[in-house]
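Novice: Modelling step: build the complete structure from the supplied sequences, incorporating the hints.
Chains as they are written, first to last, in the working numbering: chain W, 470 to 705; chain C, 470 to 705.
Hints in this document: simulated from the structure, not taken from any laboratory. Among the hints, erroneous ones may be present.
Which copy? The list can't say, so a pair holds if one copy fits it or any two copies do.
[Stated by the list, open to error] Calculated pairs, DSSO-like style, for lysine-lysine (alpha carbon to alpha carbon, straight line, at most 30 Å):
id	residue 1	residue 2
1	K518	K668
2	K518	K632
3	K613	K600
4	K613	K518
5	K596	K613
6	K514	K665
7	K514	K613
8	K518	K665
9	K668	K654
10	K665	K654
11	K494	K665
12	K518	K494
13	K632	K665
Protein chains: 2
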Amino acid sequence: MYELWYWPGIHGRGEFPRLALEAGKIPYRDMAREAGEDGYRALSKNLDKVRDDPPFAPPYLITEDGLVIGQSANILLYLGEEYGLAPLDPAGRLWINQCQLTIADIVTEAHDTHHPVSLDAYYEDQKPEAKRRAEDFRANRIPKFLGWFERILAERGDWLSGKAWSYADLSLFHLVEGLNFAFPKRMATVSGDVPKVIKLHDAVANLPELRDYLSSARRLPFSDGIFRYYPELDGD
Amino acid sequence: MYELWYWPGIHGRGEFPRLALEAGKIPYRDMAREAGEDGYRALSKNLDKVRDDPPFAPPYLITEDGLVIGQSANILLYLGEEYGLAPLDPAGRLWINQCQLTIADIVTEAHDTHHPVSLDAYYEDQKPEAKRRAEDFRANRIPKFLGWFERILAERGDWLSGKAWSYADLSLFHLVEGLNFAFPKRMATVSGDVPKVIKLHDAVANLPELRDYLSSARRLPFSDGIFRYYPELDGD
Chain W
470 MYELWYWPGI HGRGEFPRLA LEAGKIPYRD MAREAGEDGY RALSKNLDKV RDDPPFAPPY
530 LITEDGLVIG QSANILLYLG EEYGLAPLDP AGRLWINQCQ LTIADIVTEA HDTHHPVSLD
590 AYYEDQKPEA KRRAEDFRAN RIPKFLGWFE RILAERGDWL SGKAWSYADL SLFHLVEGLN
650 FAFPKRMATV SGDVPKVIKL HDAVANLPEL RDYLSSARRL PFSDGIFRYY PELDGD
Chain C
470 MYELWYWPGI HGRGEFPRLA LEAGKIPYRD MAREAGEDGY RALSKNLDKV RDDPPFAPPY
530 LITEDGLVIG QSANILLYLG EEYGLAPLDP AGRLWINQCQ LTIADIVTEA HDTHHPVSLD
590 AYYEDQKPEA KRRAEDFRAN RIPKFLGWFE RILAERGDWL SGKAWSYADL SLFHLVEGLN
650 FAFPKRMATV SGDVPKVIKL HDAVANLPEL RDYLSSARRL PFSDGIFRYY PELDGD
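Specialist: This is the structure in structure tokens:
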């Protein structure tokens, strides 16, 4: 049984491996969440315990053999290979890793819209800067990234790797969900230009393998994680 | 013979795969650089040509079989496996990928010190915001990231994977070089706290496999790429 460790209470970057674990029907324990109110303390304690192979930050996965795997895209690379959640041929495997790393890039940029000048300070202390960064993100970055995925899907078919879903498709679903939450006005405009991305999002939302999870209480609502809704940061 | 494609004139993210190709003595052509003054045009034309498997952005590597591999960490994962530039056992391979992804994270943050609110606007148009972001980066992020690598080296030995250099050690070298260039005052202070990281940097600088490259004109000086020197962004 795998242990997944991530801050409880938000999706954050933990949701990307979590979606793969859920859709892959891979037995795991969501350790900090299981600890309930003690979740933060349990995670801090575990971070001390794994300091021989320290992940820079959660999420990390611990295998039954005690291997500690940090960085979301790295966890997904591992799960993809072990459980066939991505193509297993070298070209397909690298392609899906490339897609995942590109998703990770826009996820970081989405986070930085509300924390453009200090990761440690509050949003309230960097609101003017956040406004500028969010404008740039809405105008230039969302269309550029989603347009890239649209072009891939036009070339390859329904899924990023072609015929079957991979962990990167699950991540793209979550990215679109997050953007819809944080930038509803902008996404209402952009969605029309990226119909294949939206179709993929809807297909993941309806995957039989994910339905239980997505309709369960384990799928948290968006709140104050990476994707945040501040009306002043949204716009057409 | 591989083709490496990246914007000519700067290190950028192209330098990470380039260092691995050089240290691994892997035959490659540095396509946009070879094109001289036509480098930008050659790269733009090639980006059009590979639009069936489009990388989101340079760098990308094209293999003799025509496989197009984008995202620096993904190119390095490939080269690491093909040429033994990282451990080949599953745990070691994932560990070095994890280290590389963490380096990629701080590289993005280093870039954002001079472009905190708009990737498309000039530095001159975001100087106050850059000052705040750089302060946070110097005070909190540099020590946190370099401290993490220091802790790893204390645990594992001279190199990130233990006994032999890997592509992630080459990348860590380049990161330290870049930080030294962009934040010389801050690095003068921080270096004393991370002696093992500095020792690794010096060891890579003196690797027999890299000496030719590092002393050649192919190793560009730092200028206005990811790592930039603006005295107003530096400080103890």
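Novice: Each hint should be assessed against the structure and marked as holding or not.
Specialist: Verification of the hints:
1. K518 - K668: between (43 Å within a copy, 27 Å between copies)
2. K518 - K632: Between copies only: 24 Å across, 42 Å inside.
3. K613 - K600: both (19 Å within a copy, 27 Å between copies)
4. K613 - K518: between (41 Å within a copy, 19 Å between copies)
5. K596 - K613: both (24 Å within a copy, 25 Å between copies)
6. K514 - K665: Classified as between: cross-chain Cα gap 26 Å, same-chain 44 Å, threshold 30 Å.
7. K514 - K613: Close across copies (19 Å), not inside one copy (41 Å); limit 30 Å.
8. K518 - K665: Between copies only: 22 Å across chains, 44 Å inside a chain, cut-off 30 Å.
9. K668 - K654: within (19 Å within a copy, 51 Å between copies)
10. K665 - K654: Classified as within; 19 Å inside a copy, 49 Å across copies.
11. K494 - K665: Within. Shortest intra-copy distance 26 Å satisfies the 30 Å Cα cut-off; inter-copy 42 Å does not.
12. K518 - K494: within (28 Å within a copy, 40 Å between copies)
13. K632 - K665: within (14 Å within a copy, 47 Å between copies)
No hint from the list above goes unmet by this structure.
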